[in-house]
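Based on these hints, arrange chain B on the given structure of chain A.
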Amino acid sequence: MTVILLRLFIYLELDVEAISMSFNPKHILGIESLTAEEINFILDTAQSFKEINTRQIKKVPTLRGKTIINLFYEASTRTRTSFEIAGKRLSADTVNISASGSSVAKGETLEDTAKNIQAMHPDIIVMRHNASGSCQYLADRLDCSVINAGDGMHEHPSQALLDALTIREHKGSIAGLTVAIVGDITHSRVVRSNIYCLNKLGARVRLAGPGTMLPPGIEKMGCEVFNNLEDAIRNADVVMMLRIQRERQGAPLIPSVREYARFFGLNGNKMELAKKDAIVMHPGPINRGVELGTAIADGSQNVILDQVENGVAVRMALLYLVSGGEKLKGE
Amino acid sequence: MAAEEIEILDSDGVNRAITRIAHEILEKNKGVEDLVLVGIRTGGAHLAAQLQQKIAEIEGQDVLFGTIDVTLYRDDLASRNNLAVGLTDIPFPLGDRKVILVDDVLFTGRTIRAAMEAVMDIGRPELIQLAILIDRGHRELPIRPDYIGRNLPTARNEQIEVDFDDRNTAQAVHLLRT
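Just so you know, the sequences run in chain order A and B.
If you read the first sequence in the working numbering, its first letter stands for residue 1, the second for the next number, and so on.
If you read the second sequence in the working numbering, its first letter stands for residue 1, the second for the next number, and so on.
Chain A on its own, in the form it takes in the complex (with noise of 0.2 Å):
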């Protein structure tokens, strides 16, 4: 047994260039068209660069003279923040564009705006889009790379993939983990791109909500499907907890706030149903006292501020893969 440990040690301490498996993709708008190879190719990526996060002069030369333009139709602090620090930690000139204040506000389409971009001649657009498919809309559309930050109810590739590197640096590896995602499942992109993601790397995910927030037909895409809380955090080695997004909701899905937080938060009680070691994630910005409880917020089972950092990292590791291998793409 030892011989076997130790050879499968040394099998993970492998070089990296050991495995020939390469990845250039041109663009990244979703978890669904990656294999699981694709995925860990990433994450493997990702990984080594959080280490240029934690040095004194947080650059590398890897994108100098490109062009990355922020293109932001919703709000948004964090993703927008991490895809601009990335970029800029690789050399590469960061644009923002958001939708107030912008000609979009003055009734411009999409493809107009895009196109008017492209004449600036940008090499990747990082996009968030409140339609489904706009990114693909995009890419379909334009020659530059196109990385989705989250369009509509579809995807959000970049958030799966921080949490997948989380969880594998927490628990050591996806395969075999059940994971409890509770909140809003309709509205979330996030759910969507994770249960691609986790379901790809072997985990069992689990998924929980008021019923008005639960798609009829959502289990089709791998999950089991439950409608409190309890059950589907019980024995889970993650607990990851949505926001309430109220934004995105036209009727009222719930009574009131506080019959949610009741229902559906989580507080220290309620998560000693968890495994013991199990953490909890949120995609942020968390909701104090409606989805986590004080307790949560502020405890050391929460990995928040992990996700938030890995988030740097893996949007370097996106930013670098889709600029690599260019000419080849041009054969």
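The set of hints was computed from the structure by calculation and includes no laboratory data.
There could be a bad hint or two in this list.
To be verified - Quick list of simulated restraints, FRET-style, between CB atoms:
#1 B:Asp62 with A:Asn269: 44 to 54 Å
#2 B:Arg139 with A:Thr35: 34 to 44 Å
#3 B:Ile143 with A:Ala36: 38 to 48 Å
What the hints assert, rightly or not - Using 27 Å as the maximum straight-line C-alpha spacing, the simulated DSSO-like pairs for lysine-lysine come out as follows:
#4 B:Lys98 with A:Lys50
#5 B:Lys98 with A:Lys58
#6 A:Lys59 with B:Lys98
To be verified - Among chain B residues calculated to face chain A with C-beta under 7 Å, some are:
#7 Leu72
#8 Leu77
#9 Asn81
#10 Asn82
#11 Ala84
#12 Val85
#13 Gly86
#14 Leu87
#15 Thr88
#16 Asp121
Source: prediction; values computed, not measured.
Glycine residues also receive a C-beta, built at the ideal position from the N, C-alpha and C atoms.
What follows is chain B alone, placed relative to chain A:
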């Protein structure tokens, strides 16, 4: 077409070369003070670990040892498949240290250029010296090693392969001719 494989160094030969380089490093720098070894992933990192051990045997003192991945500093990223980025692990300040960069094969010198830039981004060493197991020529940059295991004139289409065992100890050096 079968490749022709010629053994350049066996494990004893590699060991002797590393022993000599260790002595030369100590002689040139008058001991281990402020000395740090930085191995270029992946082969150079393994050799740097061997050098560290050898220096400890000779001087009875450990020198600091780190590894560096130069992928992000390469000048050919646009024209090749994405490479996996390895971990850079230099858990000590480089300021005012004597950095010995270690690599297995010196060829065009472009990797060393990238490594020097990477080192400079992490800190400002007092000096950088270069230790190489095999110098195969064909330099494209004005770079010259301070310590050489073996000078080996090669043709451009030949390849040099350094074999490492399970414990990352260099076992042999081969020349591959196709």
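Structure-inconsistent hints, enumerated in ascending order: Of the numbered hints, all hold.
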